[in-house]
Amino acid sequence: MNKNTPSKKAVLVVLLILPSLFYLIFVYGAEGNFFKTLDYVGPKEIVQVEKDGQLVNDTIPYVIPDFEFINQEDTTLSSAEMRGKVYVANFFFSSCPTICPAMNYNLKQVQDRFLGYEDIYFLSFTVDPEYDSPAVLKVYEEKIGAVNGRWFFLTGEKEALYKTARDFFVNAMEDSTAAGGFLHSEYMVIVDWEGRIRSRIDEQGNLKAVYNGTSPDEVNKLKDDVKVLIAEYEKHKSVTEYRESKK
Numbered sequence: 189m190n191k192n193t194p195s196k197k198a199v200l201v202v203l204l205i206l207p208s209l210f211y212l213i214f215v216y217g218a219e220g221n222f223f224k225t226l227d228y229v230g231p232k233e234i235v236q237v238e239k240d241g242q243l244v245n246d247t248i249p250y251v252i253p254d255f256e257f258i259n260q261e262d263t264t265l266s267s268a269e270m271r272g273k274v275y276v277a278n279f280f281f282s283s284c285p286t287i288c289p290a291m292n293y294n295l296k297q298v299q300d301r302f303l304g305y306e307d308i309y310f311l312s313f314t315v316d317p318e319y320d321s322p323a324v325l326k327v328y329e330e331k332i333g334a335v336n337g338r339w340f341f342l343t344g345e346k347e348a349l350y351k352t353a354r355d356f357f358v359n360a361m362e363d364s365t366a367a368g369g370f371l372h373s374e375y376m377v378i379v380d381w382e383g384r385i386r387s388r389i390d391e392q393g394n395l396k397a398v399y400n401g402t403s404p405d406e407v408n409k410l411k412d413d414v415k416v417l418i419a420e421y422e423k424h425k426s427v428t429e430y431r432e433s434k435k
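Going from the sequence shown to this note's numbering is simple: count from 1 and add 188.
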């Protein structure tokens with residue numbers, strides 16, 4: 189019996205370590221992106237704070253204004269409920285004949301990639317709320333394979349939806365000359381746990397801000413950047429939990 193004890197212990201150690209190892213590879217495996225951080229998108233508010241007994245200027249990153257809409261389960265979902273979560277957002281409509289099928293197919297690939305991480309969600313806002321009722325959006329959810337409770341399709345008052353699009357720095361509007369009668373951006377946006385839009389700096393040194401949801405290459409960049417944000421969030425939670433434990 190004693191001869192087998194070391195090997196049994198080794199197996200136990202491997203079983204305990206592997207889940208953590210796979211998690212670290214999942215979170216930090218974005219081609220070395222783990223040591224980077226994503227920048228903040230949007231205008232920064234300048235405020236005065238006290239530092240070393242003196243008032244100095246500081247900046248507060250842009251926060252997406254509050255919103256509240258109805259999801260495919262015919263219940264409300266608000267920006268307040270998304271605090272403490274990372275999410276990817278886009279704008280679409282279920283009868284869209286052009287970019288939406290490709291865009292949401294690609295977003296499903298992102299969803300599937302991160303199913304193992306419980307703090308990431310997906311929000312798709314309709315630009316055609318008169319047609320896209322909760323019942324219609326429920327059918328759409330099932331049609332494209334969205335995971336219930338992780339991917340929310342949102343409808344509501346048209347002008348409120350269009351204002352929210354502007355708050356995300358993307359376009360959404362009626363346009364009789366556009367296919368399907370609506371014009372909207374093909375972009376996806378990453379939002380952090382504090383309601384702030386985040387993005388990488390591109391190869392030219394410019395803030396990327398949004399990701400083309402119809403481009404596989406752009407969607408791969410979004411996946412990598414979501415990994416970066418997940419890593420940052422895990423660090424944030426660890427620091428917060430440590431501070432709370434010391435109180």
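Bear in mind the hints are in silico, worked out from the structure with no lab data behind them. Each residue gets a CB set at the ideal place from its N, CA and C atoms; glycine is no exception. Where hints are given, some of them may not hold.
[What the hints assert, rightly or not] Pairs of lysine-lysine residues, derived as DSS-like cross-links and limited to a Cα-Cα distance of at most 25 Å, are as follows:
{"no.": "1", "residue 1": "K239", "residue 2": "K273"}
{"no.": "2", "residue 1": "K411", "residue 2": "K273"}
{"no.": "3", "residue 1": "K331", "residue 2": "K425"}
{"no.": "4", "residue 1": "K326", "residue 2": "K346"}
{"no.": "5", "residue 1": "K409", "residue 2": "K423"}
{"no.": "6", "residue 1": "K331", "residue 2": "K296"}
{"no.": "7", "residue 1": "K232", "residue 2": "K331"}
{"no.": "8", "residue 1": "K296", "residue 2": "K411"}
{"no.": "9", "residue 1": "K296", "residue 2": "K232"}
{"no.": "10", "residue 1": "K425", "residue 2": "K273"}
{"no.": "11", "residue 1": "K409", "residue 2": "K296"}
{"no.": "12", "residue 1": "K351", "residue 2": "K239"}
{"no.": "13", "residue 1": "K411", "residue 2": "K423"}
{"no.": "14", "residue 1": "K396", "residue 2": "K409"}
[Unchecked claim] Ranges between beta-carbon positions, derived for each pair:
{"no.": "15", "residue 1": "E261", "residue 2": "E306", "range": "13 to 23 Å"}
{"no.": "16", "residue 1": "D405", "residue 2": "T225", "range": "18 to 28 Å"}
{"no.": "17", "residue 1": "P231", "residue 2": "N359", "range": "17 to 27 Å"}
{"no.": "18", "residue 1": "V237", "residue 2": "P404", "range": "42 to 52 Å"}
{"no.": "19", "residue 1": "E391", "residue 2": "A268", "range": "32 to 42 Å"}
Outcome of the hint check:
As the CA atoms of K239 and K273 are separated by approximately 31 Å, the hinted pair breaks the 25 Å bound. With a CA separation close to 16 Å, the supplied pair K411 and K273 stays within the 25 Å bound. With a C-alpha separation of about 35 Å, the suggested pair K331 and K425 falls outside the 25 Å cut-off, and the hint is violated. With a C-alpha separation of about 19 Å, the suggested pairing of K326 with K346 holds against the 25 Å cut-off.
The hinted pair formed by K409 and K423 meets the criterion: a straight-line CA distance of about 21 Å does not exceed 25 Å. The hinted pair formed by K331 and K296 meets the criterion: a straight-line CA distance of about 11 Å does not exceed 25 Å. With a C-alpha separation of about 40 Å, the suggested pair K232 and K331 falls outside the 25 Å cut-off, and the hint is violated. For the suggested pair K296 and K411, the alpha carbons sit about 12 Å apart, so the restraint of at most 25 Å is met.
For the proposed pair K296 and K232, the alpha carbon gap of about 32 Å is over 25 Å, so the pair is violated. Annotation: proposed proximity of K425 to K273 holds, straight-line Cα distance about 11 Å (limit 25 Å). For a cut-off of 25 Å, the pair hint linking K409 to K296 stands: about 15 Å separates their Cα positions. Under the criterion of a C-alpha separation no larger than 25 Å, the hint pairing K351 with K239 is inconsistent with the structure, at around 37 Å.
Only pairs whose Cα atoms come within 25 Å are accepted, and K411 paired with K423 is accepted, the gap being roughly 19 Å. Annotation: proposed proximity of K396 to K409 holds, straight-line Cα distance about 10 Å (limit 25 Å). Roughly 19 Å separates the CB atoms of E261 and E306, a value that falls within the hinted 13 to 23 Å. A C-beta distance of roughly 22 Å is found between D405 and T225, which places it inside the suggested range of 18 to 28 Å.
Judged by the Cβ atoms, the range 17 to 27 Å given for P231 and N359 holds: they are separated by roughly 18 Å. The hint said 42 to 52 Å for the Cβ distance between V237 and P404, and at roughly 44 Å that hint holds. Restraint check, E391 to A268: a C-beta distance of roughly 36 Å satisfies the suggested window 32 to 42 Å.
Hint compliance for this structure: hints 1, 3, 7, 9 and 12 are not met, and every other hint is.
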